[in-house]
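Protein chains: 2
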Amino acid sequence: MYYIGIDLGGTNIAVGLVDEEGKIIHKDSVPTLNEREYPEIIKDMAMLSLKVIEDSGVSLKEVKSIGIGSPGTPNSEEGILVYANNLKFRNVPMRAEMQKYVDLPVYLDNDANVAALAESVAGACKGAKHSVTITLGTGVGTGVVIDGKVYSGFNNAAAEMGHMVIVVDGEQCTCGRKGCWEAYASATALIRQTKKAAVANPDSLINKLVDGDLSKINAKVPFDAARQGDRVGLQIVEEYMKYLAEGLANVINIFQPEIIAIGGGISKEGEYLLAPLRKLVSERIYTVEGVPQTRIVAAQLGNDAGIVGAAMLGKMF
Amino acid sequence: MYYIGIDLGGTNIAVGLVDEEGKIIHKDSVPTLNEREYPEIIKDMAMLSLKVIEDSGVSLKEVKSIGIGSPGTPNSEEGILVYANNLKFRNVPMRAEMQKYVDLPVYLDNDANVAALAESVAGACKGAKHSVTITLGTGVGTGVVIDGKVYSGFNNAAAEMGHMVIVVDGEQCTCGRKGCWEAYASATALIRQTKKAAVANPDSLINKLVDGDLSKINAKVPFDAARQGDRVGLQIVEEYMKYLAEGLANVINIFQPEIIAIGGGISKEGEYLLAPLRKLVSERIYTVEGVPQTRIVAAQLGNDAGIVGAAMLGKMF
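As you go down the protein sequences, you meet chains A and B in turn. Position one of the first sequence corresponds to residue 1 (the UniProt record's numbering), numbered consecutively onward. Position one of the second sequence corresponds to residue 1 (the UniProt record's numbering), numbered consecutively onward.
Keep in mind that the hints were calculated from the coordinates and are not lab data. Note that CB positions come from ideal geometry on N, CA and C, so glycine has one too. Worth double-checking, as some hints may not be accurate.
Stated by the list, open to error - Every beta carbon over 10 angstroms from chain A, so not counted as near; a handful from chain B, in silico:
no., residue
1, Ile25
2, Gly229
3, Ala249
4, Glu269
5, Lys315
Said to hold, decoys possible - Subject to a maximum C-alpha distance of 27 angstroms in a straight line, what follows is the list of computed DSSO-like cross-link-like pairs (lysine-lysine):
no., chain 1, residue 1, chain 2, residue 2
6, B, Lys129, A, Lys315
7, B, Lys149, A, Lys129
8, A, Lys242, B, Lys178
9, A, Lys23, A, Lys129
10, A, Lys149, B, Lys178
11, A, Lys196, B, Lys315
Looking at chain A on its own, in the form it has when it is part of the complex:
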C-alpha cells in the first residue's frame, strides 16, 4: 500500500506518494497563496494529491490514506486545524473538506510532530523505540515519538519543548513567556545574538562576511566566522551551543529517548556543531554509570520530512 503525505506550508503545498518504508515514490508542489480562504487552499491540496497519485501510475485503491502536516495546533481526532497563525486558519475542518474530493481517511498533525515521525520511520531515528526530533529554524520545533507513535498529549498540543523556559525572566519569547528555549536556541535567536555582537564589534570577521550589511546575517555567518578563528564568532557559537545543550540535557532528563535527531538549517553545520554539543550535553545530563545514553545525531530527511511524516500518520493509526 501507499500513503499520500501533504506538507502544508505558508509558501508551498508539497505532496508526495510514499511507500510502506517511508520512501517518496513521486512528489510535486504548488504555491499555497496563503491569502486565500481555506476551501480554495484545501481544494488545491486535494487536486494535487490526485495528480501525484495519477502521475505515479498507482491506482487510488492502492492508496491507504492522506496525511497532512501543517503549522499550528490540530485537533487530530476531529481532523480540524484549530489554529495556524501563518495560514490565518481557525477551526478549519481539514478532513471534511479534503473528503469532498478524495474518499480516503485523512489524518492531521503539526509539522514538528510529523517531522519526528518521518525521522522515526525512515530517517535518523529509524529503529529507535522512543525518539525526539528537534528542528532549529525560525523557532525550535520539537516532536516526540514514543513506541513508534507521535506523542501529542490529551489535547494534541504537547511536545512544545521550544516553549520550555530555561531562564526564568530571560529573553522575551514570541509565545508571551520569557526565557523559553526557543528564545536562545532558534536560528532567529542566533541571528539576533550575531547582529548584537556585530554592532558591538564592528571590526569582527562577521561584519566583513556580510560586507558591513548586518541585514545579511543568517545563522551560517557566525559559524563561518568561528570556523575561521574569529574571536567574536567563536564567542557567539560557544554561547549558542551552551543554551542549546542546556535544553537538550533537559529533553534527555525528561524523555531519555534512544536518539535525538537535530534538523533545520543550523544542523547543516554537522559535526562542527554536534561534536562539541554532545560533550556539553554529557556534562549536564542526570546519569548513572552503566545506564545507556541517548545518541545525538543529525536529522536525515531535510525538507522531505514533512511529506514522509504526514504520509506515515496513516501507518501509525
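Mind docking chain B on chain A? Use the hints.
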C-alpha cells in the same frame, strides 16, 4: 487477583496486598536497617510479603505478582536496581533475589514513577489517559503515565523533571547541574529560602514561629507565616510559587497531560497553594483558544502511593 506492592525506603520497608482497583487490603512494615547488605534487606522484603499475604487470608495462588518501588535507577527489564544512593545499592539483582523466596513475577520501578502509577490507577489521576504526578519533598520527584503505563524512556531513567534546568547558571543542584527545577521547587529549596529570609529579617513572624531556632524551620513555616499576613512569609511563598509555576508550565507544554497531581508534604497546603498556582500556570502555558487544558489537583494517596503503585506495576505488564 491480588498484587503485592513493596515500598522500599531508606527507613522502612512497607508491604501491601492490593486488589485490581488499587485498593490496599492489608499492609505491614518493618525497618529497612539500611546499613545491612542487600541479601538481608531483600529477604526481609520477601518474608514480609509472605506474611502480608497470609495475614490477609488470601492464598498465594490468588497473587499475580510482586512490584517494588525503590529510590534510585532501576533496570526494569532485568529486575536490577542499578543504583540507589540512600540504600548504597549498586547493580542489585532484586528480582532474582526475591524469587529465591517467592515464586512470582517481580517488577521494579523507581518511587516517583510508582507514585504516578498509583495516582493514575486509584488516585487523583484516575480515568486520565496521560497524567503526571509531582512530589514536592526533599527533591522534586516526577512520574509520567502515558496511555496507562509508566513512561521511563529507553533506559528507565526518564521523567526526571526535577532535573530540568529552569535557570541556566542558577542555584546549585545536588545532581551537579545548576538551576534545576528541584533547586527551586523542592521542600529543601523552600526551607533554604525561608532560613535565608529569617536571617535577613530577624523580626519576621517566621522567627517567632520557630522560637528563634532556625533549625526548626520546615516547609510549613513560611506558609503559616504567609497565612497570618507576615510580609516576609508572603514574599517567600510568592517567590516559591513562581518557580513552581514555571516548571509546571514547562511540564504542561511538554506533556499536556489531562491531569497533574501534586503530592508531597507541601501539597498539604491544599488550595492555599493550588489556587494561586493554577493562575500562575495558566498565564505561562502555550495555549490556543478552544484547546482543553491540564487540570492541576492535589495527589490523593499520600504515603500509600508507594505500595499501590508498586503493586500496580504487575497490572501494567
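Going down the list of hints, with the structure as the test:
Here B/Ile25 stays apart from chain A, with its beta-carbon at least about 32 angstroms from theirs, past the 10 angstroms limit. At roughly 27 angstroms, the least C-beta separation between B/Gly229 and chain A is larger than 10 angstroms, which holds for a residue marked as non-interface. The Cβ of B/Ala249 sits about 7 angstroms from the closest Cβ of chain A, inside the 10 angstroms cut-off, so the non-interface label is violated. The beta carbon of B/Glu269 is kept farther than 10 angstroms from every beta carbon of chain A, the shortest such distance being approximately 22 angstroms.
The claim that B/Lys315 lies off the interface holds: its Cβ sits roughly 18 angstroms from the closest Cβ of chain A, which is beyond the 10 angstroms cut-off. Restraint check for B/Lys129 and A/Lys315: satisfied, since their Cα atoms lie roughly 22 angstroms apart, inside the 27 angstroms limit. Taking the CA atoms of B/Lys149 and A/Lys129, the gap is about 15 angstroms. The hint holds against a cut of 27 angstroms. For the proposed pair A/Lys242 and B/Lys178, the alpha carbon gap of about 13 angstroms is at most 27 angstroms, so the pair holds.
Among the hinted pairs, A/Lys23 with A/Lys129 is consistent with the structure: their alpha-carbon atoms are about 20 angstroms apart, no more than 27 angstroms. Of the supplied pair hints, the one linking A/Lys149 and B/Lys178 is violated, its CA atoms being roughly 33 angstroms apart against a limit of 27 angstroms. Distance hint between A/Lys196 and B/Lys315 is unfulfilled; the C-alpha atoms sit about 57 angstroms from each other, more than 27 angstroms.
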